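2 protein chains.
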Amino acid sequence: MDKIKRNERLSVIARLLTDTPNRIHTLGEFCELFGAAKSTVSEDVDLVAEALQHFGLGSVETVAGAAGGARFRPLVSHKQAAQTLEGLARRLCEPGRMLPGGFLYTSDVTSEPDTAQAIGEILARRYYERQPNLVLTMETKGIPIALMTARALNVPLVIARRDSRAYEGPAVKINYVGGGDRIETMALARRAVRPGQRALIVDDFMKGGGTLQGMVDMMREFQAEVIGVGVMIKTRVPEQKLIEGAHSLLILEKFDKERGAAVVRPAAEYAAQ
Amino acid sequence: MDKIKRNERLSVIARLLTDTPNRIHTLGEFCELFGAAKSTVSEDVDLVAEALQHFGLGSVETVAGAAGGARFRPLVSHKQAAQTLEGLARRLCEPGRMLPGGFLYTSDVTSEPDTAQAIGEILARRYYERQPNLVLTMETKGIPIALMTARALNVPLVIARRDSRAYEGPAVKINYVGGGDRIETMALARRAVRPGQRALIVDDFMKGGGTLQGMVDMMREFQAEVIGVGVMIKTRVPEQKLIEGAHSLLILEKFDKERGAAVVRPAAEYAAQ
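The listed protein sequences correspond, in order, to chains A and B. Residue numbers are given in our numbering: position 175 of the first sequence equals residue 175, and the series is strictly consecutive. Whatever position you read off the second sequence (first residue = 1), add 273 for our numbering.
One or more of the hints may lead you astray.
Residues from chain B that face chain A, not an exhaustive set, calculated with beta carbons under 7 Å [to be verified]:
| # | residue |
| --- | --- |
| 1 | F328 |
| 2 | S332 |
| 3 | V336 |
| 4 | A340 |
| 5 | L430 |
| 6 | G518 |
To list a few chain B residues with every Cβ distance to chain A over 12 Å, as calculated [claimed, not checked]:
| # | residue |
| --- | --- |
| 7 | E281 |
| 8 | L283 |
| 9 | G338 |
| 10 | G341 |
| 11 | R398 |
| 12 | K414 |
| 13 | Q496 |
| 14 | E498 |
| 15 | E512 |
| 16 | Q513 |
| 17 | E517 |
Because the hints were derived from the structure by calculation, they are not lab data. Small disclaimer: the values here were computed from a predicted structure and weren't measured. For glycine and all other residues, C-beta sits at the position ideal for the given N, C-alpha and C.
Let the hints inform the model, and build the full structure from the sequences given.
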């Protein structure tokens, strides 16, 4: 076999690390792949880390210990997050997105894989240190961003349902306060969450906060801990939400009825500097 | 500014290309990023392409013309696809996944971001040449794999709903034959699809094929063309599906009631050689 050159190794290491965010790859894995010494591969990883760092493309860290190795996290910079959210806010301010009942049409935006991924990576950044074991969302619109948040964190996604369908098996059902103070039902497969797991709750939209509070209650039924609640967009009104401390990337200030469009802006901490 | 070394450029190019499957990056984009000549960047792209090719990590192609540049596709090899699907089949054969009504519990598997991505990339491979403009799925369980298929193809995901929720705006509703020959309703936001678009339909599970046929009918209502139908798993029985020509990665042969487990295997074309 030809000796594999550094050029080649770097492309491959960059590809493998960045395609699997937050997963630890042992140096041994790369040594075997390239037939190279550990010291060589270790230098390679450092070079990839420096290059990505230099261009603001995320962080490669070396993790020490028996389960050690190298790990990529798409740590989006403040500037990049601000740019992404500015662009997103601009799109959500387009006329024609206002829907009856104070809702905003966002499905086209959140179902673009690259947009969902960008949102997921911004959300994930806040929660790496809290080490969630899973991301929980409620069907349907939040699933793309929740899945991409889970991807960035390298944890499974768990999806609560409006009803427990036959093909999910035994389920826990709870009631929660939905839009317009209606009592709604949420179901989650019994086997989806184990006691003691750490859940990050993610959804696309928060108005009253009832659905998010329902998910918090659901996690209590499973004896799981909620380590954070993140949403893409929350409404300014009502200011008092049913759930406290949820983190939102965007704020829906109001509907400008004359212009027939929403007024959306990035949350204060993501404002351009 | 220090001159940016080839090492550094390769890591960055590998990261940028592989993170955005099927999107064309112009060479000018890289020239600007690195302050390098087109000939240099072009060589860089070739080196990344060779490295990924060599290790079976996907294909970087150069696209000529005014909108030309370099494009990455995660073209999963037959061997890799066979391995992935073997592993998946093994997991789905675990006892305890049988549910009443001939259903199989698969949500835990399909909601793992890396598994969903692997399935999406295997599915996408068949359809690059047919150039879909969108991926259509029906809520809920198929969304993760459909989103990852859409990511690999660089097209938006469109999600049909069981009911048209207020926050989706005006919707088209159709009836279709669901499980147990029940008539069910499917709704899709009016603005989600434009006439003439080319849809790839993706779902997780096909038994009778009614839901898939419903999605085909829905696309007809939108005057969109269906360029393919792909599912993760289909049941052997009934052999006659309501829809013809759907492509499935896995076959659910039967439920082994004694063992309390399903018998699942990769579809013939993905069998290990």
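A quick look at each hint next to the structure:
1. Annotation: interface hint on B:F328 holds; nearest CB of chain A at approximately 5 Å, less than 7 Å.
2. For B:S332, the shortest C-beta to C-beta distance to chain A is roughly 12 Å, which exceeds 7 Å, and the interface hint is violated.
3. The beta carbon of B:V336 is not positioned within 7 Å of any beta carbon in chain A (closest approach about 19 Å), and the interface hint is therefore violated.
4. Because the beta carbon of B:A340 sits about 18 Å from the nearest beta carbon in chain A, more than 7 Å, this interface hint is broken.
5. Interface restraint check: B:L430 against chain A, minimum CB-CB distance 4 Å, threshold 7 Å, status holds.
6. For B:G518, the suggested interface contact is broken, since its CB lies about 24 Å from the closest CB of chain A, more than 7 Å.
7. Distance to chain A contradicts B:E281 as a non-interface residue, since its nearest Cβ pair spans about 4 Å, not more than 12 Å.
8. Non-interface call for B:L283 relative to chain A: violated, since the shortest CB-CB distance, roughly 5 Å, does not exceed 12 Å.
9. Residue-level check passed: B:G338 sits 23 Å from the nearest beta carbon of chain A, beyond 12 Å.
10. Every beta carbon of chain A lies more than 12 Å from that of B:G341, the smallest distance being close to 20 Å; the non-interface claim holds.
11. Distance to chain A confirms B:R398 as a non-interface residue, since its nearest Cβ pair spans about 16 Å, more than 12 Å.
12. The claim that B:K414 is not at the interface with chain A is violated, since a C-beta of that chain comes within 12 Å of its own (minimum 7 Å).
13. Distance check for B:Q496 against chain A: the nearest CB is about 18 Å away, which clears 12 Å, and the non-interface claim stands.
14. At roughly 20 Å, the least C-beta separation between B:E498 and chain A is larger than 12 Å, which holds for a residue marked as non-interface.
15. Look at B:E512: its CB is around 21 Å from the nearest CB on chain A, clear of 12 Å, so calling it non-interface holds up.
16. The Cβ of B:Q513 sits about 21 Å from the closest Cβ of chain A, beyond the 12 Å cut-off, so the non-interface label holds.
17. Residue placement check: B:E517 keeps its beta carbon more than 12 Å from all beta carbons of chain A (closest about 24 Å).
In terms of the numbered hints stated before, the structure departs from hints 2, 3, 4, 6, 7, 8, 12, listed from lowest to highest.
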